[in-house]
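K.L.:
Listed below, chain by chain, are the residues.
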Amino acid sequence: MLQLNNIHKTFYPNTPDERRALHDVSQSLEPGDFVTIIGSNGAGKSTLLNMLAGTLLPDEGDVWIDGKDVTALPEEKRAKLIGRVFQNPLSGTAPGMTIEENMMISLGRTKRRSLFKGVTKKTRERFRELLSTLEIGLENRLNSKVGLLSGGERQALSLLMATFTEPKILLLDEHTAALDPSKQSLIINLTKDLVKKHKLTTVMVTHQMEQAIDLGNRLWMMDEGSIIFEANEERKKDLTVPDLLSEFENIRGRRMASDRALLAK
Amino acid sequence: MIHALYGAVESGLIYAIMALGVYISFRILDFPDLTVDGSFVTGGAVAAVMIVGGTNPVIATLAGAIAGLLAGCVTGLLHTKGNINPLLAGILMMIALYSVNLRIMGQPNIPMLNETTLFSVLSSWWQSLHLDAIFIAPFEWIGITDFAPDTFYIIVSMIVIALIVKKLLDFFLRTEAGITLRATGDNQSMVKSFSTNTNLYIVAGMGISNALVGLSGALVVQHNGFADVNLGVGMIIIGLASVIIGEVLFGKDKIVRMTLAVILGSIVYRVIYSLALRVDFLEASDMKLITAIIVIAALVVPNMLEKSKAKRQFKKSKQAALKRKEKGEVQHASTE
Chain A
1 MLQLNNIHKT
11 FYPNTPDERR
21 ALHDVSQSLE
31 PGDFVTIIGS
41 NGAGKSTLLN
51 MLAGTLLPDE
61 GDVWIDGKDV
71 TALPEEKRAK
81 LIGRVFQNPL
91 SGTAPGMTIE
101 ENMMISLGRT
111 KRRSLFKGVT
121 KKTRERFREL
131 LSTLEIGLEN
141 RLNSKVGLLS
151 GGERQALSLL
161 MATFTEPKIL
171 LLDEHTAALD
181 PSKQSLIINL
191 TKDLVKKHKL
201 TTVMVTHQME
211 QAIDLGNRLW
221 MMDEGSIIFE
231 ANEERKKDLT
241 VPDLLSEFEN
251 IRGRRMASDR
261 ALLAK
Chain B
1 MIHALYGAVE
11 SGLIYAIMAL
21 GVYISFRILD
31 FPDLTVDGSF
41 VTGGAVAAVM
51 IVGGTNPVIA
61 TLAGAIAGLL
71 AGCVTGLLHT
81 KGNINPLLAG
91 ILMMIALYSV
101 NLRIMGQPNI
111 PMLNETTLFS
121 VLSSWWQSLH
131 LDAIFIAPFE
141 WIGITDFAPD
151 TFYIIVSMIV
161 IALIVKKLLD
171 FFLRTEAGIT
181 LRATGDNQSM
191 VKSFSTNTNL
201 YIVAGMGISN
211 ALVGLSGALV
221 VQHNGFADVN
231 LGVGMIIIGL
241 ASVIIGEVLF
251 GKDKIVRMTL
261 AVILGSIVYR
271 VIYSLALRVD
281 FLEASDMKLI
291 TAIIVIAALV
301 VPNMLEKSKA
311 KRQFKKSKQA
321 ALKRKEKGEV
331 QHASTE
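Protein chains in written order, with the UniProt record's numbering: chain A, 1 to 265; chain B, 1 to 336.
With the rest of the complex left out, here is chain B (with noise of 0.2 Å):
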C-alpha cells in the first residue's frame, strides 16, 4: 500500500511537467490545447528513438522537448495564421502527430529496458554515492524502515527537475516577455492596442507548452522502460485534472502560488488513481472514466458550492427579516 503510494508520488512528478505545459495553454493562453495527446508522444518518442541508438540520455531527453516545442508551434500558427479555432487546430493536430509518432518509432512500441536511459544514469550514480543510506535514516531512527521505499532516487531526481521546470516557468512568466504573454490570454485586444504581435506570443507560448508536455513525455518513457504509440490517449483530460485539483485544492492568485498547485494537484491525481485501482470492482481500463469523472467533479463541484451558500445566505436573510418583523408586530401590538 505505502510502496503503491511512492509510485504514485513519482508519477505524479513526472506527470507534472505535463500538467504545468496544460496549465500555459488552457489557464494562461486560454486555449484548450488537444494537441498535448500527441506531442507527449512525440516526445517520449523521439526519446526513445535516440535512446535506442545511443544518444546520451540527456540529450536525448532535450530533444524529446524540442519536439514538443515544434508540435506546439505548428498548432499556434494552425490557430494564427490559419485562423482555425484552437479546439479544431488541436484536434488536428492530435490526429496528425499520431501518424508523425508512428513514423518517428518506426514501430507502434519501443521497448527499452536495457538501455542507458536518464534514470539508470540517474540510479547507477546515486548508488554511488550511498545517498539511500543518509534518506532512510529517519526512517530507520522513528523504526518504520518497513515504509521506507526501496529507493529514493526517482523520487528526489523528480523532485529536482520538477522545481526547476517550475522555477524557470516563475521566472519567465515575470519577465517582460511573460507578463505580455499572460495579458495576451487575458485580454489579447488590448495588448495588440499596445503595439505587440500577439500571435508570435501566442505561437510561443504553445511551443513552450508543448515543450513541457514533450519533455514530460521523453521522462515517461524512461521512467515506464517503454515508448507506445497510445501512451498519449487521454493525456489532455489527465492534464486538465492536475491543473484543476490543484486550483481547487492548493491554489492562489499568484503566479508562484498557481504551478506549485499545479504541480501538487498532479500528485494528488495520481494518489487518487492508484486508491481507485485498489477498489476491488474498478480495473485498470476504468481510469479513464474516472479521471473525467473527477475532471467534472472539479468543475462542476465549487461551482454548486457557491450557489447553494448564496441560496442559503438569501434564506437566512429572509428568514431573519420576517423574524423582524413579527416583532415589530408584537411591539406595535403592545403599544396600542
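Extracted from the complex, chain A is given alone in its bound form (with noise of 0.2 Å):
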C-alpha cells in the first residue's frame, strides 16, 4: 500500500547549518497496517510524514502508494490519496464556516466540486449520520460556526473528515498533543473506531510512547533521520515503555534525549 524506496532528505545542505533530517529511510506497509512512529525531537518523523503528504520533496528516493510512484505528485494531487490531521487542532477545519460546510469540502478528494447547491438534503443527512458516530453532540450543530467548537471537538470532526471518504493512507501528525487528557483519550478512542470501520492504512507520529504501543499493529522508532527500531504486531504485543528506552540505549548507545518522551504517559 505504501512504499518507501531509499528516501534522502538534507536541509541546507553545503552550509554550516545542514542537517541530514532523513538519511536512507525504506519501508513499507500492508493494506490495514497501522505504524506508529516514536523519536526525540528533530528525528525526522515530522519530515518523513511531510515526505508522505507531498509537501516536501525528497533529495534522493520514491515513494509509492497503492502501487503508483507519487514522489513528483504536488500536495494537494496527492490529497487525493491521503487524509491527515494535524497537531494543531485549529489547522484541520475551516473556523468561519459551518460544520456541514467544512464537511462538504472534504468530500473534495472524492469528487470534482460542482456549481450545484453545495449542501443538499441528501448530503446534510449522510453527514448528519456520520456526525452522530462521534457521539459528542456535533450531528445536531450542523450549522454551527466551527470557531465555535472546542479544541477536542474540532480535533474529533478533523478526524471524521480526514476518514470517512476512505483515503489510501492516513496520516497522524501528534494529534492529541494539544488536548488534554480526557479529550485525548476521547480522540484516541475514536481514531482507534475509525481506522477499524474504514480498515484504512495509517501512519502515526506521537510523542507518547504509551500511546504508541497502545495503538496500532507496527511500532518505528526514529532517531538521526533513521528507522532504528522496529516491532512488527507480534513484537508489539508485549512491549513496554521500559523496553522500548533500553532498546534505545542499547542501539545508540546514550539515552533518549527528549523530555517530552521521558516525562509523557
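These are computed hints drawn from the structure, not numbers from a lab.
Any given hint might turn out to be false.
[As the list claims (entries may be wrong)] Beyond 12 Å from chain B on every Cβ pair, some chain A residues (computed):
1. M1
2. T10
3. H23
4. E76
5. G147
6. G152
7. S185
8. N217
9. E230
[Said to hold, decoys possible] Ranges between beta-carbon positions, derived for each pair:
10. B:R324 to A:N143: 36 to 44 Å
11. A:D243 to B:F314: 48 to 56 Å
12. B:E306 to A:L73: 44 to 52 Å
13. B:R103 to A:R126: 17 to 25 Å
14. A:N143 to B:K307: 39 to 47 Å
From the three backbone atoms N, C-alpha and C, an ideal C-beta is built for every residue, glycine too.
Using the supplied hints, reconstruct the complex from the two chains, each of which is provided in its own coordinate frame.
P.N.:
The following block contains the structure:
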C-alpha cells in the first residue's frame, strides 16, 4: 500500500546549518497496517510525514502509494490518496464556516466540485449520520460555525473529515498533543474506531510512548533521520515503555534525549 | 436636499456592485486587493470605447465586466504563481492598469453624453411604458409630490441590477465551488489537504471580484456620461468603507445577510458623502480624506467600544466584590 525506497533528505545542504533529516529510509506498509512512529525532537518524524503528504520532496528515493509512484505528485494532487490530521486542532478545519460546509470540503477528495448547491438534503442527512457516530452531539449543530467548537470537538471533526472518504493512507501528526488528557483519550478511541471501521492504512507520529504501544500493529522508532528500531505485530504485543527506552540505549549507546517523550505518560 | 439623497441612493446602488467585488477579495479571500483602483477604470474604459464605437450598451457593459475579470485573474496569478505578496501584487496591477486604461481609451477622457448608453435605453423604455406615473402615485396620494424624484428609472433599474448580482453571488457562494472558495480564504492549508488546487480558486475568486468591479465601472461611466482615466483613484477605500459600514450597521454571519449589508453599506456611504458635501467648510476635494476617516473610524471604534465595555464590566465586578467584602466585615463585626 505504501512503499518508501531509499529516501534521503538534507536541509540547507553545503552550509554550516546542514541537517540530515532523513537518511536512507526504506519501509513498506501492507493494506490495513497501522504504524506508530516515535522519536525525540529532530529525529525526522515530521519530515517523513511531510514527505508522505507531499509537502516536501525527497533529495533521493521515491514514494509509492497504492502501486503508484507519487514522488513528484504535488501535495494537493496526492491528497486524493491521503487523509491528514494535524497537531493543531485549528489546522484541520475552517473556523469561519459551518460544520456541514466543512464536511462538504472533505468530500473534495472523492469528486470534482460543481456549480450545484453545496449542501443538499441528502448530503446533510449523510453528514448527520456520520457526525452522530462521534457521539459528541455535533450532529445537532450542523449549522454552527466550527470556530465556536472546543479544541477536542474540532479535532474529532478533523478526524472524521480525514477518514470518512476512505483515503488510501491516513496520516496523523501528533494529533492529540494539543489536547487535555480526557480529550486525548476521546480522540484516541475515535482514532481506533474510525481506522478499524474504514480499514485504513495509517501512519501516526506521536511523542507519547504508551500511545505508540497501545495503538496500531507496528512501531518504528526514529533517531537522526533513520528508523533505528521497528517492532512487528508480535513483538509489539508485549512491548513496554522501559523496553523501548532500553532498546534505544542499546542501539545508540546513549539515553533518549527527549524530556517530552520521557515525561509523557 | 431630498433630491440629492435620491442621487446618493442611485450612486450607492451602482457602486454597491463594486463593493460586492471588494467584499469577495477583502473578506472572503482575505486578499486586500488594490487592483480595484485600476480594474474599475478598465471596466469603464472598455464599455465607453465600445459604446462610442456603436456597440450595444448591454454587450459593452458585459465586456467591461470581462475586462475586470481578466485583470483580477492576472493579480491572482501574480500572487499564486509569482509568489508576490497580495498587497504588492495589487499595487503592481493598479500601476500597470493605469497605462493599459490610457491605451484602451486613447485619451484621458471620453465624453459620451449623446451616446446610446444602458441608461438612455432604459430611460426611453421606461418613458414609453409611463412607469413614472405608477411610482409617483403614492407621493401624490400622501401629497408630497415635491419630495418625489424627477424620474424613478435609475433607482428602480439599479435596484433590479444590484439584486440580480446579489442573488447570483448568494447562490454561487453556497455551491460546492463557492463553499470551497470561502474555505480557501478561511483556511487554505486545510482545503489543500483535501485535494483542492487552492491557487485555482484564488485566481478565479480574484477574477470574479474584479469582474464585479469592472461591471460597476462600466455602469458608472454610463451614469456619469463620461469615462475618465482617474475615475478609480481611491476606489478600493470606497469599497472598503462600504463593506465595513455595512458589516457594522447591518452585518450578520449569514452570506445572504452579508451581501445585503454590503449593498446597504454602499448606499449609506453615498448618503454620508452627499451630506458631507453640504457642510459649508468642506469641499469636494476633501472627500478622499473623509472617506479615509470613515474607514479608520469604522475599524477603530468597534474595537474601542468592546474594550471600554470590558473595562466597565471589570470595574463593576470589582466594586461589587468590594461591597460584598464591606458587608461581610460588617456582619463579622456584628457577630462578635
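K.L.:
If a hint holds in the structure, say so; if it does not, say that too.
P.N.:
Here is what the structure says about each hint:
Separation of M1 (chain A) from chain B is adequate, the least Cβ-Cβ distance of about 18 Å exceeding the 12 Å criterion. Every CB of chain B is more than 12 Å from the CB of T10 (chain A) (nearest about 24 Å), matching its label as outside the interface. Taking the minimum C-beta to C-beta distance to chain B, about 27 Å, the non-interface status of H23 (chain A) holds against the 12 Å cut. With a cut of 12 Å on Cβ distances, E76 (chain A) falls inside the contact zone with chain B, its closest approach being about 5 Å.
Distance check on G147 (chain A): its Cβ comes as close as 9 Å (rounded) to a Cβ of chain B, failing to clear the 12 Å threshold; non-interface status is violated. The non-interface label for G152 (chain A) is consistent with chain B: the shortest C-beta to C-beta separation is roughly 18 Å, beyond 12 Å. Distance check for S185 (chain A) against chain B: the nearest CB is about 25 Å away, which clears 12 Å, and the non-interface claim stands. For N217 (chain A), the requirement that its beta carbon stay farther than 12 Å from each beta carbon of chain B is met, with the minimum near 25 Å.
Look at E230 (chain A): its CB is around 27 Å from the nearest CB on chain B, clear of 12 Å, so calling it non-interface holds up. For the pair R324 (chain B) and N143 (chain A), the supplied restraint of 36 to 44 Å holds, since their beta-carbon distance comes to about 41 Å. Checked against the hint of 48 to 56 Å, the pair D243 (chain A) and F314 (chain B) passes, with Cβ atoms roughly 54 Å apart. For E306 (chain B) and L73 (chain A), the Cβ-Cβ distance of about 47 Å falls inside the hinted range of 44 to 52 Å, so the restraint holds.
Between R103 (chain B) and R126 (chain A), the C-beta spacing of about 53 Å breaks the proposed range 17 to 25 Å. For the hinted restraint 39 to 47 Å between N143 (chain A) and K307 (chain B), the CB-CB distance of approximately 30 Å leaves it violated.
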